[in-house]
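Q: Listed here are the chains, written in short residue letters.
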Amino acid sequence: MKWGVITFPGSNDDVQAAYVLEQLLGETVVRLWHKDTQLDGLDCVLLPGGFSYGDYLRCGAMARFSPIMRAVSEFAAAGRVVVGICNGFQILCEAGLLPGALVRNRGLSFLCERVHVRVEDAETMFSNRCRRGDVLDIPIKHGEGCYIADEDTIRGLEAKRQIVLRYADAEGRVTQEANPNGSCGGIAGIRNARGNVFGMMPHPEHACERLVGGEDGRKIFLSVIAAGGVVADPIASKVVSGP
Amino acid sequence: MRVTVETALQHGLTADEYARIEAALQRTPTIEELGVFSVMWSEHCSYKSSRAYLRGLPTSGPRVLQGPGENAGALDVGDGLAVVFKIESHNHPSFVEPFQGAATGVGGILRDIFTMGARPIANLNSLRFGGVAHPRTPYLVRGVVAGIGSYGNCIGVATVGGEVAFDPGYDHNILVNAFTLGVVASDRIFRARAEGVGNPVMYVGSKTGKDGIHGASLLASAEFDADSESKRPTVQVGDPFTEKLLLEACLELMSPAYSDHLVGIQDMGAAGLTSSSVEMAGRAGSGIDLDLSLVPLREQGMTPYDILLSESQERMLLVVHQGSEEVVRDLFAKWDLDAAVIGHVTDTGRLRATWEGRQVVDMPIAPLTDGAPVYHRPAVEPSADEGARLVLRELTEPRDYGQVLLQLLESPNLSSREWVYRQYDTYVGGNTVVRPGSDAAVVRLDGTQKAVAMTLDCNSRLCLLDPYVGTVSAVAEAARNLAASGAEPIGVTNCLNFGSPEKPEVMWQFQQAIAGLRDACLAFGTPVVSGNVSFYNETEGQSIPPTPVIGMVGLLEDVNHHVTQWFKGEGDAIVLLGRNREELGGSEYLAVVHHQVRGTLPWIDLDIERRLIRSVLQAAREGLLRSAHDVAEGGLAVALAECCITSEGGPHLGAHIDELEGGIRADALLFGESHGRIIVSVRRRHLTRLREIARREDVVMTTIGEVRGHRLEIGDLVDLPVATVRERWRGALERTLAGSPRE
Numbered sequence: 001m002k003w004g005v006i007t008f009p010g011s012n013d014d015v016q017a018a019y020v021l022e023q024l025l026g027e028t029v030v031r032l033w034h035k036d037t038q039l040d041g042l043d044c045v046l047l048p049g050g051f052s053y054g055d056y057l058r059c060g061a062m063a064r065f066s067p068i069m070r071a072v073s074e075f076a077a078a079g080r081v082v083v084g085i086c087n088g089f090q091i092l093c094e095a096g097l098l099p100g101a102l103v104r105n106r107g108l109s110f111l112c113e114r115v116h117v118r119v120e121d122a123e124t125m126f127s128n129r130c131r132r133g134d135v136l137d138i139p140i141k142h143g144e145g146c147y148i149a150d151e152d153t154i155r156g157l158e159a160k161r162q163i164v165l166r167y168a169d170a171e172g173r174v175t176q177e178a179n180p181n182g183s184c185g186g187i188a189g190i191r192n193a194r195g196n197v198f199g200m201m202p203h204p205e206h207a208c209e210r211l212v213g214g215e216d217g218r219k220i221f222l223s224v225i226a227a228g229g230v231v232a233d234p235i236a237s238k239v240v241s242g243p
Numbered sequence: 001m002r003v004t005v006e007t008a009l010q011h012g013l014t015a016d017e018y019a020r021i022e023a024a025l026q027r028t029p030t031i032e033e034l035g036v037f038s039v040m041w042s043e044h045c046s047y048k049s050s051r052a053y054l055r056g057l058p059t060s061g062p063r064v065l066q067g068p069g070e071n072a073g074a075l076d077v078g079d080g081l082a083v084v085f086k087i088e089s090h091n092h093p094s095f096v097e098p099f100q101g102a103a104t105g106v107g108g109i110l111r112d113i114f115t116m117g118a119r120p121i122a123n124l125n126s127l128r129f130g131g132v133a134h135p136r137t138p139y140l141v142r143g144v145v146a147g148i149g150s151y152g153n154c155i156g157v158a159t160v161g162g163e164v165a166f167d168p169g170y171d172h173n174i175l176v177n178a179f180t181l182g183v184v185a186s187d188r189i190f191r192a193r194a195e196g197v198g199n200p201v202m203y204v205g206s207k208t209g210k211d212g213i214h215g216a217s218l219l220a221s222a223e224f225d226a227d228s229e230s231k232r233p234t235v236q237v238g239d240p241f242t243e244k245l246l247l248e249a250c251l252e253l254m255s256p257a258y259s260d261h262l263v264g265i266q267d268m269g270a271a272g273l274t275s276s277s278v279e280m281a282g283r284a285g286s287g288i289d290l291d292l293s294l295v296p297l298r299e300q301g302m303t304p305y306d307i308l309l310s311e312s313q314e315r316m317l318l319v320v321h322q323g324s325e326e327v328v329r330d331l332f333a334k335w336d337l338d339a340a341v342i343g344h345v346t347d348t349g350r351l352r353a354t355w356e357g358r359q360v361v362d363m364p365i366a367p368l369t370d371g372a373p374v375y376h377r378p379a380v381e382p383s384a385d386e387g388a389r390l391v392l393r394e395l396t397e398p399r400d401y402g403q404v405l406l407q408l409l410e411s412p413n414l415s416s417r418e419w420v421y422r423q424y425d426t427y428v429g430g431n432t433v434v435r436p437g438s439d440a441a442v443v444r445l446d447g448t449q450k451a452v453a454m455t456l457d458c459n460s461r462l463c464l465l466d467p468y469v470g471t472v473s474a475v476a477e478a479a480r481n482l483a484a485s486g487a488e489p490i491g492v493t494n495c496l497n498f499g500s501p502e503k504p505e506v507m508w509q510f511q512q513a514i515a516g517l518r519d520a521c522l523a524f525g526t527p528v529v530s531g532n533v534s535f536y537n538e539t540e541g542q543s544i545p546p547t548p549v550i551g552m553v554g555l556l557e558d559v560n561h562h563v564t565q566w567f568k569g570e571g572d573a574i575v576l577l578g579r580n581r582e583e584l585g586g587s588e589y590l591a592v593v594h595h596q597v598r599g600t601l602p603w604i605d606l607d608i609e610r611r612l613i614r615s616v617l618q619a620a621r622e623g624l625l626r627s628a629h630d631v632a633e634g635g636l637a638v639a640l641a642e643c644c645i646t647s648e649g650g651p652h653l654g655a656h657i658d659e660l661e662g663g664i665r666a667d668a669l670l671f672g673e674s675h676g677r678i679i680v681s682v683r684r685r686h687l688t689r690l691r692e693i694a695r696r697e698d699v700v701m702t703t704i705g706e707v708r709g710h711r712l713e714i715g716d717l718v719d720l721p722v723a724t725v726r727e728r729w730r731g732a733l734e735r736t737l738a739g740s741p742r743e
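These protein sequence lines map, in sequence, to chains A and B.
Read left to right, the first sequence gives residues 1 to 243 (our numbering).
Read left to right, the second sequence gives residues 1 to 743 (our numbering).
Everything labelled a hint here was simulated from the structure, so no lab data went into it.
The structure presented is a predicted model; accordingly, all values stated were derived computationally and were not measured.
Incorrect hints may appear among the rest.
[Said to hold, decoys possible] A few chain B residues facing chain A, derived, Cβ under 7 Å: (1) Thr4; (2) Glu6; (3) Gly149; (4) Cys154; (5) Gly156; (6) Phe241; (7) Lys244; (8) Leu245; (9) Arg422; (10) Thr426; (11) Tyr427; (12) Val428; (13) Val433; (14) Gly437.
Note that beta-carbon positions come from the ideal geometry of N, C-alpha and C, so glycine has one too.
Extracted from the complex, chain A is given alone in its bound form:
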């Protein structure tokens, strides 16, 4: 597959994402600058973690106005695959490509730690290499990762099977204690209704080697690769309305 990894000013997990895709998974990676406007020939675009534009305003609020974001929206509208990790997730929410918003952690501090997330749905192109109920060990590192949305939106997410990952304990129980940032319903990763845009707060790119962070994050990337950049989910693909 051919991936595009975007570098916004202030991105800092772009290098790691590209390293994992290229060096560990043998994928083709095109490095994109935030002023680029061409995404032709790519199968998937990845928005990496970091602090785009310093995130001095709301996280992602500036990056959504980067020149490349218009192209990303069109790419998504054409049914191509878009993945946002951490700051990338925040940008996708700010850009309206995913519903809801990410706000200050419940404890108000930045949190960097290993967490467990439970796979809520394995029939998505971002989780098809897992089984439903699998527990993945992947680190988080964010100050604003508390996912919120209004009740209707949350109900919609549940009904349309858009919730892909929830924070859980090692045994897969979704509890308050296992929820590091206060996210609504323990939500850690969602996709859009069409099933081709995905955002998650934990960092799978930092969990792809046994030596550094473990290997559970590979399953996320391998799922996208297995799906081949094509919207394969029969249920989600029937829903054509926006996010």
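Got chain A sorted already, so can you dock chain B onto it with the hints?
A: The following block gives chain B in isolation, referenced to the frame of chain A:
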């Protein structure tokens, strides 16, 4: 404005120094020139009280590519790579404004590293706060930790380790020492030299504002008093986003595609534009002409004096080849950064600056650098304090050792630092092999089999009781921490935090610490390649405890040989390398349980330390070690407890200890802080080989027990569930800080 001796005194200079200035210029300085002298001759920039002593430190060795004198030191680690590292203090700014003070401390040390062409891969920091009962402590801890996190996380450099200590001796003067290590191709290290007459001098990065004026001279080089709060405006404000852009732009400029355009580069840190231009010209023996009207400004109404002395952050000074200006400007424009030609290199040996066509500075450079004052200040050993003697038989032994162990593990200096380091991004960069919480941080070197290990160490209680032995102990502990992580110690940086050098007792402490640093570094073969001296850490006449923080870097030829401190497998043998002695002087136990800071420090023999380190490294390289942990603050019992509880993801295994040397008091056995000890665990079948290694190095080896179950049992003295021990230890710091009154 007419300059007089009074003006000079207001600038922190002495009357003698002012007389020297007039002699050097053979006239009265302008106010701008006086400003330049005051910062360049400040203790912070000139090292005038310490320079004579620092000359005695060992600074050379086969790996040394750059010793002290540049922005940072550099060591060759093979595979065509060098590591560049340094530690610096940001103590006073952090006390006055904890968040910005700590944040800009991180920003400053990062610039020192990437100025040399190295990409920063790891931050560590050594923090010392006042007692937890002091009302200001929680506020300072929260601010400093958040400031460090905000800067490091945003710029995307992993914060992987360090130390946090509490002592009432820092109630009015906390210490924030920031360390950064970067990696560079060993033949591509850039230096800060202004060479080539006519070459343009370029300014890049943030615009200049009025922040931080006299940060180096008035804030960093003077003691505190009740008015220190009013110095808040001299604290700089950090912008990690701009620094991230500056980092990427500078590294791009120093990459093979562009580096032919660049002659020299230096960050504008303390004393801003003044020190960067003076130091670059000074190193090259050249001169610099500046037109201050060309400096990009953030605000109106700035005078040439302000422009010369501003400590606005995220700025660099470049010397480029003639004709390269456009290329450099375009490169920085890509990163949305200002780049302006503000002057050129001359052969005059002078710093000259104009502003709006008027000459405001025209002075020789030599008196500012090599000609700066060097003071041989008197050093006097304080008279022996009889109250400092410790008579063991007058010390009541506790009845319940389990409770004492829990009390120690919950105490501010021994409890888990998780609350601190979980606010730091430890993953970014993708190479963090050992995160905070083990003996040393281990970070893989991209594209190689190798890794570096890093640790910061100082026990200021020991240094207060005996600055020489205390400093030797700090170096030895750092070396043991590296060895216990599987890394061979290769070099040292240091941050020497002391009170006023004008006090003979403080100067004596300093002299002793330097002697200890020298002797220990010679013994371990670890050259001192960079460092920082921070004097005037005192408030209203009260000095901090002497605090020579040692930053030591180690190398693992094979990253797979790294070792962590926690037990790995049921049934593994627990082995003590080294000997227990009846020593309680200066211990954490004595302070926490008996409220005493006294006694003779534990005996230290550098030859034993060296042999211990060699044997642990050999065992690590042979893959024998399942875990290794240095015995330090809190002694053997605390170290054993840590082996059971510190693993982040578990399992948290118990230990059954039944073979402990008798003949010494139980409290000294459990909590004494004798040096030269490392606890390792190995598979039973590897005991024989380990014994051979220990015998060859003449290291005492005792199999003291085994990894077993979920209880920590030490003879008939301690028997506790591991889960309880971990729970009490883990949340203690957060509970303690929450329990203290908040500001």
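Q: Tell me if Thr4 of chain B is really an interface residue toward chain A, meaning its C-beta lies closer than 7 Å to one of theirs.
A: Nearest chain A Cβ about 44 Å off; hint violated.
Q: Do the numbers back the hint for Phe241 of chain B, that is, is its least Cβ distance to chain A under 7 Å?
A: holds, 3 Å
Q: Closer than 7 Å between Cβ atoms is the bar; does Gly156 of chain B clear it against chain A? Give me holds or violated.
A: holds, 3 Å
Q: Can the hint on Val433 of chain B be confirmed by a CB-to-CB distance to chain A that is less than 7 Å?
A: holds, 6 Å
Q: Does the interface hint hold: is Thr426 of chain B within less than 7 Å of chain A, judged Cβ to Cβ?
A: For Thr426 of chain B, the interface hint holds, since the closest Cβ of chain A sits about 6 Å away, which is under 7 Å.
Q: With a cut-off of 7 Å, does the beta carbon of Arg422 of chain B approach a beta carbon of chain A closely enough for the hint to hold?
A: At 5 Å from the nearest chain A Cβ, Arg422 of chain B passes the 7 Å test, so the hint holds.
Q: Should the hint that Gly437 of chain B touches chain A count as held when the rule is a Cβ pair under 7 Å?
A: Violated: closest Cβ of chain A sits about 11 Å from Gly437 of chain B, beyond 7 Å.
Q: Does Leu245 of chain B hold up as a contact with chain A if the rule is Cβ-Cβ below 7 Å?
A: holds, 6 Å
Q: Does Lys244 of chain B meet its interface restraint, that is, does its C-beta lie within less than 7 Å of any C-beta in chain A?
A: holds, 6 Å
Q: For the restraint on Cys154 of chain B, tell me whether the closest CB of chain A is nearer than 7 Å.
A: holds, 4 Å
Q: Does Tyr427 of chain B pass the interface hint, meaning its C-beta sits closer than 7 Å to a C-beta of chain A?
A: With Cβ-Cβ at 4 Å, under 7 Å, it holds.
Q: Given a cut of 7 Å on the nearest C-beta pair, is the interface hint for Gly149 of chain B held or broken against chain A?
A: At 5 Å from the nearest chain A Cβ, Gly149 of chain B passes the 7 Å test, so the hint holds.
Checked against the numbered hints above, the structure breaks hints 1, 2 and 14 and satisfies the rest.
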